[in-house]
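A.B. asks: Residue numbers (this note's numbering), protein chains in the order written: chain A, 85 to 243; chain B, 15 to 297.
Mixed in with the good hints, there may be bad ones.
[As the list claims (entries may be wrong)] Taking lysine to any residue and the SDA-like style, the derived pairs with C-alpha atoms no more than 20 Å apart in a straight line are:
| id | chain 1 | residue 1 | chain 2 | residue 2 |
| --- | --- | --- | --- | --- |
| 1 | B | 104 | B | 44 |
| 2 | A | 202 | A | 120 |
| 3 | A | 215 | A | 100 |
| 4 | A | 215 | A | 203 |
| 5 | B | 107 | B | 35 |
| 6 | B | 176 | B | 93 |
| 7 | B | 104 | A | 238 |
| 8 | A | 215 | B | 212 |
| 9 | A | 215 | B | 243 |
[As the list claims (entries may be wrong)] Covered stretches of chain A, going by a simulated chain B footprint (3 or more residues, C-beta under 8 Å):
| id | region |
| --- | --- |
| 10 | 159 to 166 |
| 11 | 223 to 233 |
[What the hints assert, rightly or not] If you want the ones that stay clear, here's a sample from chain A, every Cβ over 12 Å from chain B, calculated:
| id | residue |
| --- | --- |
| 12 | 93 |
| 13 | 94 |
| 14 | 103 |
| 15 | 106 |
| 16 | 110 |
| 17 | 113 |
| 18 | 119 |
| 19 | 170 |
| 20 | 179 |
| 21 | 190 |
| 22 | 205 |
Derived by calculation from the structure, the hints in this document are not laboratory data. Even glycine gets a Cβ: it sits at the ideal position worked out from N, Cα and C.
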Amino acid sequence: METLKPIDELLDEHPFFAGMEDGPRKFIAGCGRNEVFHAGDYLFREGDPADRFFLIRHGSVALELHVPGREPLVVDTLQSGEIAGWSWLLPPHKWANDARATTLVRAISLDGTCLRGKCEEDHSVGYEVFKRFIPVIAGRLSAVRMQLMDVYGTPQKKR
Amino acid sequence: MEANAQELPATMLPRPFRITRVRRELSDVFTWELEPADGGAPLTYAPGQFNMLYLDGIGEVPISISGDPTGEWLVHTIRAVGAVTDLLQKLRKGDEIGLRGPFGVGWPVVEAEGSDVLIVAGGLGLAPLRPAIYHVLANRARYGSVGIYYGARTPADLLFRKELERWRGRFDLYVEATVDAADTTWAGRVGVVPKLIDRQVHRFDPESSVALICGPEVMMRFTVAKLRECGVPDAQQYVSMERNMHCAVGLCGHCQLGPEFICKDGPVFPFDRIAPVFHAREL
Ligand SMILES: Cc1cc2nc3c(=O)[nH]c(=O)nc-3n(C[C@H](O)[C@H](O)[C@H](O)COP(=O)(O)OP(=O)(O)OC[C@H]3O[C@@H](n4cnc5c(N)ncnc54)[C@H](O)[C@@H]3O)c2cc1C
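Using the sequences provided together with the hints, build the complete structure.
C.D. replies: If you want it as structure tokens, here you go:
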């Protein structure tokens, strides 16, 4: 059984918060709580209110796209040390895909309304948060581009 | 460049080889085991070298050797993509082909001794790297940490899957595979190869690592960028350039890429040497 550590300490251990000073991290910690998902549970589902995001501490999460009439497609998997979800950042604050635990997942969720409030209240905290989200978003964009190129597909004859 | 026919090296003449086994790997990919059909000596080669496979009256294609350099058979893994390879796919056990080789400069498996080794493959790129993997595993004590990072299109497109699973069971090797997309029955990773590397940075010492990279050029470009970001110097990142070629001995100029001839100076190049021309769109 894992002894419960304070959220602030857990945030400090997570790579997403690497390098953040104690002050802003402790300020943010008030928005966080521990969550556990069993394999097969959904962390969130497309269209639902995106009221939080997750720092994955242990386990693996599959991001899925559902298209009517087709099998769901897994487009990314996230592991410990990564984060899941940024729809809480942008209106209309709805999830754009599903996130399913493929193993037992331990995560910290940070409440979106609470965090947005703190970012408004103290812009330097907002800057620290956004500074960490942008590389994640840029990395995913670059990965999606690579996936779209279908680089491993059979070469097509040039026209 | 003109060559006097009398001075042509012996490697300009195809030798007959017999197919002793055909294995279907993927819907459009197959592996051959070959033996000399002229009673001559088997081919000796270094990991990363390739042969020119010749089909009488049809044409000739460069294909990397994908087997164990110390093994009994010469092994090639081929994807049917066009005129020649489509016909090669129709050949059966007992059929013969012409073969010239081995050609080119292969993977720096000797230079990499004492270093951590990252073997990064995408799609069919695992085939030219497999001889290097066999070599490294056969001489495991000479290397630091060894990791294989492999990306494919979908789980059904993973090449040498059983072998990957077997390697994964070893205690002295990290094997990570990822696919671009999967259905929900896939329990492995989905995402691109650079992300796999990102997650394994703690397993190697970037400054003393040697990376052997083979896959589609776009995948290699993203991989090199990621490894550079992790601190692996360009001179220690080796890429295999598998662009079209004809003569395979640096005579015809077909595969000339800037000052380099892929066929005789490559196909494997340290990235710092090929970087200026890596982004060339056409030969
Ligand atoms: C050093 C080297 C090692 C190689 N090793 C292997 C190997 O181990 N296994 C394997 O299956 N293939 C390998 N190739 C690629 C292989 O040589 C080509 O797929 C083959 O020449 C295509 O010939 P074709 O007549 O069947 O197709 P073509 O009718 O000539 O071409 C069909 C399609 O394939 C594309 N194509 C042709 N050559 C290449 C190439 N080199 N790379 C990417 N696309 C190409 C063409 O643009 C076209 O779209 C290697 C190439 C090189 C230069």
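A.B. asks: Give a verdict on every hint.
C.D. replies: Cross-check of the supplied hints:
This hinted pair checks out: residue 104 of chain B and residue 44 of chain B have alpha carbons roughly 10 Å apart, not beyond 20 Å. The hinted pair formed by residue 202 of chain A and residue 120 of chain A fails the criterion: a straight-line CA distance of about 25 Å is larger than 20 Å. This hinted pair checks out: residue 215 of chain A and residue 100 of chain A have alpha carbons roughly 10 Å apart, not beyond 20 Å. Restraint check for residue 215 of chain A and residue 203 of chain A: the C-alpha separation of about 12 Å stays at or below 20 Å, so the hint holds.
A hinted pair counts as satisfied when its Cα atoms are at most 20 Å apart, and residue 107 of chain B with residue 35 of chain B qualifies at roughly 5 Å. This hinted pair checks out: residue 176 of chain B and residue 93 of chain B have alpha carbons roughly 19 Å apart, not beyond 20 Å. For a cut-off of 20 Å, the pair hint linking residue 104 of chain B to residue 238 of chain A stands: about 18 Å separates their Cα positions. For the suggested pair residue 215 of chain A and residue 212 of chain B, the alpha carbons sit about 19 Å apart, so the restraint of at most 20 Å is met.
A threshold of 20 Å between alpha carbons decides the hint, and for residue 215 of chain A with residue 243 of chain B the separation of about 18 Å falls inside it, so the pair holds. With a cut-off of 8 Å between beta carbons, the region 159 to 166 of chain A has 5 residues touching chain B; three or more are needed, and the interface restraint holds. Counting residues of the region 223 to 233 of chain A whose beta carbon lies closer than 8 Å to any beta carbon of chain B gives 6, which meets the minimum of three for the stated coverage. With a least beta-carbon separation of about 21 Å from chain B, residue 93 of chain A lies farther than 12 Å from that chain, consistent with its non-interface assignment.
Every beta carbon of chain B lies more than 12 Å from that of residue 94 of chain A, the smallest distance being close to 20 Å; the non-interface claim holds. Residue 103 of chain A, annotated as away from the interface, keeps every beta carbon of chain B farther than 12 Å; the closest lies near 16 Å. With a least beta-carbon separation of about 25 Å from chain B, residue 106 of chain A lies farther than 12 Å from that chain, consistent with its non-interface assignment. Taking the minimum C-beta to C-beta distance to chain B, about 27 Å, the non-interface status of residue 110 of chain A holds against the 12 Å cut.
With a cut of 12 Å on Cβ distances, residue 113 of chain A stays outside the contact zone with chain B, its closest approach being about 26 Å. Residue-level check passed: residue 119 of chain A sits 22 Å from the nearest beta carbon of chain B, beyond 12 Å. Even its closest Cβ contact with chain B, about 16 Å, leaves residue 170 of chain A beyond 12 Å, as expected for a residue assigned away from the interface. For residue 179 of chain A, the non-interface assignment is confirmed: its Cβ lies about 17 Å from the closest Cβ of chain B, beyond the 12 Å cut-off.
Interface exclusion of residue 190 of chain A from chain B stands, the closest Cβ pair being 18 Å apart, more than 12 Å. Residue-level check passed: residue 205 of chain A sits 33 Å from the nearest beta carbon of chain B, beyond 12 Å.
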